[in-house]
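Residue numbers (our numbering), protein chains in the order written: chain U, 440 to 807; chain B, 440 to 807; chain F, 440 to 807.
Because the hints were derived from the structure by calculation, they are not lab data.
Idealized CB from N, CA, C, for every residue including glycine.
It is possible that part of the hints are untrue.
As the list claims (entries may be wrong) - Simulated restraints, written as ranges between beta carbons of each label pair: (1) F:624 / B:542: 13 to 23 Å; (2) U:486 / B:624: 44 to 54 Å; (3) B:542 / U:687: 26 to 36 Å; (4) B:771 / U:714: 24 to 34 Å; (5) F:476 / U:794: 48 to 58 Å.
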Amino acid sequence: MRHYLNPLDLSVDETYSVLRLAEEIRKDPAKYAHAAEGKKLATLFYEPSTRTRLSFEAAMLNLGGRTLGFPSANVSSAAKGESVEDTIRVISCYADIAAMRHPKEGAAAVAAEYSGIPLINAGDGGHQHPTQTLTDLVTILSLKGRLHDLTIGLCGDLKFGRTVHSLINAMSRYTGVRFIMISPEALKIPTYVIQDVLEPRNIPYEETTDLEAALPQLDILYMTRVQRERFASEEEYQRLKDSYILDAEKMKLAPEDMYVLHPLPRVNEITMEVDKDPRAKYFYQAQCGVYARMALILTLLGLADTKLEDREVWKRPAASQRIVNRFACRNPHCITTIEPQLDQVFVVTDPERQICRCLYCETKYDGN
Amino acid sequence: MRHYLNPLDLSVDETYSVLRLAEEIRKDPAKYAHAAEGKKLATLFYEPSTRTRLSFEAAMLNLGGRTLGFPSANVSSAAKGESVEDTIRVISCYADIAAMRHPKEGAAAVAAEYSGIPLINAGDGGHQHPTQTLTDLVTILSLKGRLHDLTIGLCGDLKFGRTVHSLINAMSRYTGVRFIMISPEALKIPTYVIQDVLEPRNIPYEETTDLEAALPQLDILYMTRVQRERFASEEEYQRLKDSYILDAEKMKLAPEDMYVLHPLPRVNEITMEVDKDPRAKYFYQAQCGVYARMALILTLLGLADTKLEDREVWKRPAASQRIVNRFACRNPHCITTIEPQLDQVFVVTDPERQICRCLYCETKYDGN
Amino acid sequence: MRHYLNPLDLSVDETYSVLRLAEEIRKDPAKYAHAAEGKKLATLFYEPSTRTRLSFEAAMLNLGGRTLGFPSANVSSAAKGESVEDTIRVISCYADIAAMRHPKEGAAAVAAEYSGIPLINAGDGGHQHPTQTLTDLVTILSLKGRLHDLTIGLCGDLKFGRTVHSLINAMSRYTGVRFIMISPEALKIPTYVIQDVLEPRNIPYEETTDLEAALPQLDILYMTRVQRERFASEEEYQRLKDSYILDAEKMKLAPEDMYVLHPLPRVNEITMEVDKDPRAKYFYQAQCGVYARMALILTLLGLADTKLEDREVWKRPAASQRIVNRFACRNPHCITTIEPQLDQVFVVTDPERQICRCLYCETKYDGN
Chain U
440 MRHYLNPLDL SVDETYSVLR LAEEIRKDPA KYAHAAEGKK LATLFYEPST
490 RTRLSFEAAM LNLGGRTLGF PSANVSSAAK GESVEDTIRV ISCYADIAAM
540 RHPKEGAAAV AAEYSGIPLI NAGDGGHQHP TQTLTDLVTI LSLKGRLHDL
590 TIGLCGDLKF GRTVHSLINA MSRYTGVRFI MISPEALKIP TYVIQDVLEP
640 RNIPYEETTD LEAALPQLDI LYMTRVQRER FASEEEYQRL KDSYILDAEK
690 MKLAPEDMYV LHPLPRVNEI TMEVDKDPRA KYFYQAQCGV YARMALILTL
740 LGLADTKLED REVWKRPAAS QRIVNRFACR NPHCITTIEP QLDQVFVVTD
790 PERQICRCLY CETKYDGN
Chain B
440 MRHYLNPLDL SVDETYSVLR LAEEIRKDPA KYAHAAEGKK LATLFYEPST
490 RTRLSFEAAM LNLGGRTLGF PSANVSSAAK GESVEDTIRV ISCYADIAAM
540 RHPKEGAAAV AAEYSGIPLI NAGDGGHQHP TQTLTDLVTI LSLKGRLHDL
590 TIGLCGDLKF GRTVHSLINA MSRYTGVRFI MISPEALKIP TYVIQDVLEP
640 RNIPYEETTD LEAALPQLDI LYMTRVQRER FASEEEYQRL KDSYILDAEK
690 MKLAPEDMYV LHPLPRVNEI TMEVDKDPRA KYFYQAQCGV YARMALILTL
740 LGLADTKLED REVWKRPAAS QRIVNRFACR NPHCITTIEP QLDQVFVVTD
790 PERQICRCLY CETKYDGN
Chain F
440 MRHYLNPLDL SVDETYSVLR LAEEIRKDPA KYAHAAEGKK LATLFYEPST
490 RTRLSFEAAM LNLGGRTLGF PSANVSSAAK GESVEDTIRV ISCYADIAAM
540 RHPKEGAAAV AAEYSGIPLI NAGDGGHQHP TQTLTDLVTI LSLKGRLHDL
590 TIGLCGDLKF GRTVHSLINA MSRYTGVRFI MISPEALKIP TYVIQDVLEP
640 RNIPYEETTD LEAALPQLDI LYMTRVQRER FASEEEYQRL KDSYILDAEK
690 MKLAPEDMYV LHPLPRVNEI TMEVDKDPRA KYFYQAQCGV YARMALILTL
740 LGLADTKLED REVWKRPAAS QRIVNRFACR NPHCITTIEP QLDQVFVVTD
790 PERQICRCLY CETKYDGN
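Chain U extracted, bound-state conformation (with noise of 0.2 Å):
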């Protein structure tokens, strides 16, 4: 059994068998409509996200499948103190597959220690959004045919933007890609996604401030959203928000055959005008979305014609290479933090440079 918590846990070839499959349902949804009849889908979500939700849900019923759960933490057993572990353990008695949002970094991992059935991280707080990344692959590949040689502009928030963080990680796998990171100052792309990811692949990058300058050069711009109180101050608030966001005149400097994404909600840094403009594939990716998810779902429950090899790729760590309840995590967004009945665990993922990560949420334990 195979879970998805995270973009990389999926291979390259089991990515692109991925992706191959959402392109197929893509071309003839017809054929998959009673793909995975008589399979129930659990959507557990214990903070709400409808848009998500819905994809998941739709993805199920367009295979035939049906589907239960909760939309949000007050229509749930959580207020009753269920620990996430048990809840996905009965869940794995009602359901054959799950997707699990939910506030805490690394709630779906420790459900995953726990579950039954396949898991699919539908967002677990700011840590991995895996299902946004996978829609944002299908899109491109749909959009350009290819995932390699692309130079990719990713705009706005780069500092906090989570699904910005995860597509760099997964087009990160492909040769040829190059970057260009637009954003105010103050929401530059963290340094360690360019020191953990970038550097060590040599992948070119570009760090810049000024959109119209970086629009001729792309094949896909990737919008986010840039909230006001990210800003520095009031002050540069008002005097940059206008340069990040996209409209019909700024889209006369793109090349006829960019396409412009964004995971939604948008709140304006795209007019709608920009909606028009045959190149905004925004809410084309909403439907690539269920198609990915889709294709996800079948692959998961081994129903698709290419299997996933029979190993965990969400690595539970053997006992001896866990360090248990020694340190606790400092993350204050950890899932460990409401759940005290979980034992701390550390794991060493770099030993050259002594690096040790909390299992759930990642988070590196800095010494002290």
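Given chain U, work out where chains B and F should sit, using these hints.
Just chains B and F now, kept in the frame of chain U:
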């Protein structure tokens, strides 16, 4: 593609086709058990309305289709500030047809402008609730065998009662219909309903405060809630409330073949003893609501034998007819009040009298 | 038409048929994958209970049926003040069978009075939760191969534990059953359970505060939550709490073939290390809950091979036996306290001892 935002969005002939189909379904539901197989209905309820939502869901399930959606805004993305326009565009990727309930007037009209799938207005504030009206027509037709030549009593809060206004509008299309409006002075039918609907079409009507006097003349008695806070004073409420409570005693004054309808929920305006009277048809009406919605869904999906005319009854006025951002809608309940990015659009609806109305909530521009 | 409000609403024979069907389903679920096709279950949850709700939904989906409903009162029409009676009459138009959870005692009984479809009580306050009991019976039968000749340990909060009282009631129907009640003094089984159930049927029982001493004698250990606030004092809680926590050490005292059940959710009364013990069967019990509900749904819908007797086990007492509006139910949790329009109905349940009880919540009239 057609939407259903207003009872008048279907022509008299089209309405009749839907009513006939509902009647067919009522007689032989098994025949339609797979009629919408493979189709998905999205129920987008920005405010809870269990009865309406479950009626839609039952309808879709009865047709072999599937449902997905959200039961209230606090479990939806609305909290994240996504606009109705963007939501419906995404939902158009997930479902084949949608039913939307929203507390703001005109919300469904905004959604219809951007929707890629047929949209049904399941209630937009105090503005319209057309499937309730369709339900009322199905029920009356099934009980009386006709929609023409009927005396219809409307009792209770006729001032604020949205369903009453809609029913008057819808029934005014049939010949020989006569209305008796029974209400306290403070809750009389608004003048504009008389001036805009009844008088232009020469439809006979009476206004009275006396339910008992009206009862012997009626073919249908349509009851509505009378809310205490709607009265001019507590004294008036105490003095009048019993006059508008239907009980077994008053039912003795009614003809054998007069039927009682109520859009539900009732509070105490019909006593529980009346429930046993065979003329009490408000629960049967709930059943008819499912048939009405089944017929409407099939028709809008193009799966009914009788096809809708291929035109937009939801008339998007051409750009040249729109008065854009010249003045703002003054209706404090209009959807434009919470969606600042929406254009303020007015349309001249009556060139002779120089009346123009908000494109969404249909409130008249008052010239100031 | 039959309802299931109380474990005793099914006769011993009928219960046995349901249990046997559940066992058949467990062994060959595929055989029942279409058994309720075309049928709809309404889940009416006036308070959230995710596990119970999803267990019902999983059961119905496993049978090829469909579900609709609401997960909590704040997303339902209850806020608009609709009565349970009117709601169930409307729901009877939408679904073929319903499961209702309500915080008030007797709510399901009120609903059953007016329901046009079979109604299952999914928990009415502290009163009854019969499908939990059915689940317990299915689990015990499946683990031990019998329901007779068993020593059952009940541990934890026996005073307020609704599931424990129901289980005693249900198991008291089988010969050779013996109970060992293990609890702190403050949380002992109520005297009326002993006087009303155990003594009249000469069922052997012991009361003890010592879990460790009881363990070697047990066939089944039924654990429940012990809530801190239920103890007489914080000191008592601190002194006693560990005695009622089941851990690996205590499990060494239990027989090889003693199984541990728990209605879930647990908080900390069973340590996570016990989960790995093959005798820990509380998650298996959750699985059995789905089979139990599948069997019950099929039986109430009349789709099981064995038909229920065509009588009302939910005995609506004839008008002549009802004491109407003579006195009010004093139970502050009774449904009548929030539905003022309901008649106050009492019924003489034991003419000899002159006991009469509220028709809905079954609270004794105390003569004042």
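**Prompt:** Does the hinted range 44 to 54 Å hold for residue 486 (chain U) and residue 624 (chain B) at CB?
**Reply:** Given range 44 to 54 Å: holds, Cβ gap about 50 Å.
**Request:** Starting from the hint 26 to 36 Å, judge whether the C-beta atoms of residue 542 (chain B) and residue 687 (chain U) obey it.
**Result:** The hinted range 26 to 36 Å holds for residue 542 (chain B) and residue 687 (chain U), with Cβ atoms some 33 Å apart.
**Asked** Are residue 476 (chain F) and residue 794 (chain U) spaced within 48 to 58 Å by their CB atoms?
**Response** holds, 55 Å
**residue 624 (chain F) paired with residue 542 (chain B), Cβ distance criterion 13 to 23 Å** = violated, 54 Å
**Prompt:** How does the Cβ-Cβ distance of residue 771 (chain B) and residue 714 (chain U) compare with 24 to 34 Å: does it lie in that range?
**Reply:** holds, 29 Å
When each numbered hint is compared with the structure, a violation occurs for hint 1 only.
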